[in-house]
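Here are the chains, one letter per residue:
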Amino acid sequence: MDTTRRGLLLSGLALTGGVALGAPALLGQTKPRVVVIGGGAGGATAARYIAKDSNGAIAVTLVEENEVYQTCFHSNLYVGGFKSFDDISHRYDALAKNHGVTLARARATAIDREKKEVVLSTGARLPYDRLVVSPGIDLKYDSVPGWSKEAEEAMPHGWKPGRQTRLIREKLDAVPDGGLIVMIAPPNPYRCPPGPYERASMFAHALKKAGKTAARIVILDPKESFSKQGTFQAAWEQHYGTMIEWLGPKIHDGIKSVDPKTGTVVTGFETYRNAAFVNVIPAQMAGEIARSAGLAPAGGYCAIEAASMRSTVDPNIYVLGDACIAGDMPKSAFSANSQAKVAAMTIRGELAGARTFPARYTNTCWSLVETDDTIKVGGRYEAKDGKITAIDTFVSKPGETAELRKENQAENVGWYAGITADMFG
Amino acid sequence: MAAAAETTGWMAFVAVSLAVSGQPASAAGDRALGEYLSSECATCHQTSGRQAGGVPAIIGHPAEQFVALMESYKQRYRENEVMRTIAARLSEEEIAALAAYYGSLTPKP
Chain W
0 MDTTRRGLLL SGLALTGGVA LGAPALLGQT KPRVVVIGGG AGGATAARYI AKDSNGAIAV
60 TLVEENEVYQ TCFHSNLYVG GFKSFDDISH RYDALAKNHG VTLARARATA IDREKKEVVL
120 STGARLPYDR LVVSPGIDLK YDSVPGWSKE AEEAMPHGWK PGRQTRLIRE KLDAVPDGGL
180 IVMIAPPNPY RCPPGPYERA SMFAHALKKA GKTAARIVIL DPKESFSKQG TFQAAWEQHY
240 GTMIEWLGPK IHDGIKSVDP KTGTVVTGFE TYRNAAFVNV IPAQMAGEIA RSAGLAPAGG
300 YCAIEAASMR STVDPNIYVL GDACIAGDMP KSAFSANSQA KVAAMTIRGE LAGARTFPAR
360 YTNTCWSLVE TDDTIKVGGR YEAKDGKITA IDTFVSKPGE TAELRKENQA ENVGWYAGIT
420 ADMFG
Chain Y
0 MAAAAETTGW MAFVAVSLAV SGQPASAAGD RALGEYLSSE CATCHQTSGR QAGGVPAIIG
60 HPAEQFVALM ESYKQRYREN EVMRTIAARL SEEEIAALAA YYGSLTPKP
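So the protein sequences, as listed, match chains W and Y. Note that numbering that gives the first Met the number 0 has the first sequence beginning at 0, numbered continuously upward. Note that numbering that gives the first Met the number 0 has the second sequence beginning at 0, numbered continuously upward.
Treat the hints as calculated values from the structure; they're not laboratory data. C-beta: ideal position from N, C-alpha, C; glycine also. Misleading hints may appear alongside valid ones.
Covered by chain W, according to a simulated footprint, are these stretches of chain Y (three or more residues, beta-carbon under 8 angstroms) [said to hold, decoys possible]:
no.	segment
1	38-52
2	84-94
Just the calculated beta-carbon pair ranges, DEER-fashion [claimed, not checked]:
no.	chain 1	residue 1	chain 2	residue 2	range
3	Y	107	W	409	18 to 24 angstroms
4	W	351	Y	107	24 to 30 angstroms
5	W	169	Y	92	52 to 58 angstroms
6	W	351	Y	56	27 to 33 angstroms
7	Y	74	W	356	23 to 29 angstroms
Keeping only pairs whose Cα atoms sit at most 30 angstroms apart, straight-line, the calculated DSS-like set for lysine-lysine is [to be verified]:
no.	chain 1	residue 1	chain 2	residue 2
8	Y	107	W	405
9	W	96	Y	107
10	W	405	Y	73
Please put together the full structure from these sequences, using the hints given.
Right under this line is the structure:
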């Protein structure tokens, strides 16, 4: 922090030519300050675009606990054996080196909205003129009876990247031929709507490749339907026969309990015993820092203004990505990246007088179902009718040509290279 | 056959865009608007100009070719739902702005 302050003072001195030497408090005000909480698709993109496009006119600090970030997007490709752990790991160094972003390696523990300061786990306080909050999700550990924080080792969720992603892969690798995998899918709204179903596809792919074709995957879903459902199910049948079985709430009649010690899952319809691997993906909510700061007064997620991503609770704060309520946009890395650019433009307009334009948002979610068979869903969105509203949407259909699906996968690979360069480059 | 049809459509669009504006789009394009709009492209297309996977390079096309390409997605002559959806919402002025912005960048090695 010392270096930053000195940097601020020095640049202030250079600008004012020493006239204001006796007024250091005033010097600190010469450069507007933006603090960004969270170095994911929303936060890293916002930090990069504000710093890059303001050419040093705005001091940007990114608060992120981890030195290395594993993307949740494409973590299913790691689970399926298409990518290595290194392939989904990224560092923040280039944000500092190329764009002058100050990296604060700490956890944000509180937001003092009155004083406009972020309190860090190190005890430091970071003052801000505008704050970007992009903490992602927290899990509702009490949403599945019998499951808990302690049970996330025995029945991993794999819905936050890092160690949990590796656990999913380890449990999958240990499933014997003829073994049973039970996946409990989450209720809406949650991070990455097609994610559970892409993951089930990757389970089947890995099992099939290992010759364990007698293994079974049962998905117990609290939802009546899911993203790209018809297309997923047609592709499952084509590639994996009867390996994947999806059961909606009308069939399983609710998840009554799980027992992490015995691998038992009890539903209103059936009891699954001795499952080789139970993947519990629970209900979700905005990351703790956003909720404790009062940015989600109704609980769950944070309301924003559709034209700017500004919090409806505090005009100095912007909430991005999975933590916010983004109308028709799904909770995805692509969405968070798109929202970050609208917030970055608005903040540069407010703090540096930059030109602003009407907000536009885009999203596409690609899902790999089997080698060279990728399906997608996406759309364009605008601020309309008091929310972020879909203007155009598209979705892959069952029965498309193998050539088109292969092109989709090439696009998926290119997108990953593009968005990670756009976040960390 | 499909390739031939696409080429015909492509050439027609180059001709149309030149006829409408009477000059390459870069002369008229608002670069600042283009820079803002380009942030939408940068989620998939590398700002360095590199091609990655199935996502082609976006830098290094002459302005009239850039405009014709975007028009071909907008008019749904070319396949690809992502690009069709993006292009559908772009006005002529915005496409010209993007052409001006990308035309001003040099691909990095």
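Has the segment 38-52 of chain Y got at least three residues whose CB is nearer than 8 angstroms to a CB belonging to chain W?
Held - the segment 38-52 of chain Y has 12 residues with a Cβ nearer than 8 angstroms to chain W, which meets the minimum of three.
For the pair supplied as a hint, residue 107 of chain Y and residue 405 of chain W, is the alpha-carbon distance within the 30 angstroms limit?
This hinted pair holds, its Cα atoms lying about 28 angstroms apart.
Could one say that the CB atoms of residue 107 of chain Y and residue 409 of chain W fall in the range 18 to 24 angstroms?
The hint (18 to 24 angstroms, Cβ to Cβ) holds, given that residue 107 of chain Y and residue 409 of chain W are roughly 22 angstroms apart.
Count the residues of the segment 84-94 of chain Y whose Cβ falls closer than 8 angstroms to any Cβ of chain W, and tell me whether that reaches three.
holds (count 4)
Assess, step by step, whether the Cα of residue 405 of chain W is no farther than 30 angstroms from the Cα of residue 73 of chain Y, and give holds or violated.
Satisfied, since the Cα-Cα distance of roughly 23 angstroms is no more than 30 angstroms.
Cβ-Cβ distance between residue 169 of chain W and residue 92 of chain Y: within 52 to 58 angstroms?
Holds, at about 54 angstroms.
Regarding residue 351 of chain W and residue 56 of chain Y, is the given constraint of 27 to 33 angstroms on their beta-carbon distance met?
For residue 56 of chain Y against residue 351 of chain W, whose Cβ atoms are near 31 angstroms apart, the range 27 to 33 angstroms holds.
Verdict for residue 351 of chain W, residue 107 of chain Y (Cβ pair) under range 24 to 30 angstroms
At roughly 26 angstroms between Cβ atoms, residue 107 of chain Y and residue 351 of chain W fall inside 24 to 30 angstroms, so the hint holds.
May I ask you to test the hint 23 to 29 angstroms on the CB atoms belonging to residue 74 of chain Y and residue 356 of chain W?
Holds, at about 24 angstroms.
30 angstroms limit on alpha-carbon distance, applied to hinted pair residue 96 of chain W and residue 107 of chain Y:
18 angstroms, holds
Checked against the numbered hints given earlier, the structure satisfies every one of them.
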